[in-house]
Structures are given as structure tokens and as C-alpha cells.
Amino acid sequence: MPLIALLLAAALAAPAPDTLGAPGARAPDTTANAPRHTAPPAAAAPSAGPTLAVEDTMRTAVPEVLVRAPRVTLDEILDRVVVGELRRDQALHDVAFTATLRVVGRADNKAKAKLLEETVYRVYKQKPGRARTVTLRHWEEKPSAPDDDGPNFGPNTAEDIVNFAFQPEARRDFRYRILGRDLLGDHLIYRIAFEPRSLMGAMLPGGLVWVDTRDFVIVRQELDFARSPFPLLIKGVDRVVIERERVEGHWMLHRILVRAGMTVPLPKYGHAVDFAMRYDDYAVNRGLPDSLFTQGVRK
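If you use mature numbering (1 follows the signal peptide of the UniProt record, and there is no 0), the sequence shown corresponds to residues -21 to -1, 1 to 278, in order.
Be a bit skeptical, because a hint or two may be false.
What the hints assert, rightly or not - In the DSBU-like style, the derived pairs of lysine-lysine whose C-alpha atoms are separated by at most 30 Å in a straight line are: (1) K121 - K214; (2) K93 - K121; (3) K91 - K247; (4) K247 - K121; (5) K91 - K121; (6) K91 - K214.
In short, the hints are calculated from the structure, not lab data.
All values derive from a computational prediction rather than experimental measurement.
Construct all of the structure, not just a fragment, from the sequences and the given hints.
Dropping the structure here:
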């Protein structure tokens, strides 16, 4: 699956004060001393009607209170992401999961998407440096000669595909900016954009990440490629989306989506290719037996 390996490589190529309006202290209850209003006597009527009353309403103004607090700077956020990602990785001792790869092709821009290939793997990782991948199922519309160019599930649990642009050594290659702060429940999500610093880094992708401030871990990433990483084969990478989900208290890869257009339509893949990898059925820090790694190890 050389094309799939290329798509994976493409995905890897990788303080102003706040002023908030808030309610102040609750005003004392004045209803006990408030004057009571009674309804005026009703005019004489031929027959008795309903009794009318004037509602007692507490009309009090609650003043706004200005709250001033220092906002976390961009550099502080980047430092916290480094620490958060490191802590996430250090908390993982062994991991097992199921990875499902699907490849969908289109003969041209107007053609209906068609499933071309599906492979299901069971992956085992154990620190330090142990990994095994077992192929559970493989299907191709047009079977080709067997090869060994599928996804490489090595022993690394740091998930560099998510945080490559936020590692300490990447600061010299990228510039960053905060695009927004969104309140989600009782915590904050930062949206941070990044892009290559120079034209020399045009082969590197730019993108946008969502950082969960409970753990300062990246939970979603979208990548943009100004230029094709493999122009002879791939015309352009239109979209890359990488998401994590929380599993047993740890943020783990959930899915990777890649859409690419071919420079020349390929017999097997056509004009455009969608690549999807889904990760589920996790078992985290369960204590994998040594017998899993005695054979069939892929590094």
C-alpha cells in the first residue's frame, strides 16, 4: 500500500486584562417591608365576578461588577501544552486498540465515492519499545500483490501526528496565534493556529488545534498544506483532520481523515482518494502479557 504510506507521511509532515460583566452581591429581600397594594373596589356589577389583584413585584437593580484578571499568554499556553502532552505519554505503560483503515476512491470529481480497501488491525504496545500488530481482516476490491507498506504502528505512544508542531524543537519552525477561547462546560478550550515561519518550510503543514485546558492536551487538529508533499503523485492534500477521545481517563487517538487529489488518475484509486483510520476498542494500562511480543513484532 505505497499510496497509503505516502498519505500517512503527508499527515505527519509535519496579555490584555479580561473585563467581564457579572452579577454582584444579591440585593437584600425587601418584600417584607414593601408597601402592599390592594385592588381598588370593583364597580358594582349585576352579578359577582372574579376577584382582581395587583401583583406585588420586587423592582431592584443588580449592579454589574467589573472583574480584572491576567490572561494567560501564548507562550505560557505553548509551554503548558508541552507539559500536558508529556504527562499524557508518561501515564501510558501499555496500550491495545483496534485500528480500522478504509480507502475510498473517486474516478473523477463528479463520481460517487467507492470503497476500495478495508483492513482491520489489532495493535499492542508496551513500554519500553515493544509493539505487535496483528491483521484481523483485509479486503480489496481489486486485490494486488501483497506488500508491507501499510501503517506502521510502532511502540511510540506520544502520538507525534497530533503534537508535532507543539514540541519544544518545533518553535523555531512555526509561528502561533490564538484564534479563540471557547467555554465548554466548566473549562476552557483554546483554538490555536500555527503556520511555517518561512518559505523554506513550505513543505510543512499549517493548521489549527483545539487544546483542552483541563489537561492542556490537544484534542483535535486540522492541517493545511500550501504545497503538495509529493507533487509527482499527489496534486494536493485537501483536508486532514485528526481527533482524540477520552478513554479510561486518557486522551487517545480516535480518527484520522485525509483527502487528496491525484496528479494523474491512478488505475486503482482514480482521481481522488479519501483515507480514514479509526481507533477504538482500547485497553489502557491493563498489563499486557509478554507472550504477545514473543513473535510477530513490527517496529
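For this session: Give me the numbers of the hints this structure contradicts, sorted from smallest to largest.
Result: Of the numbered hints, all hold.
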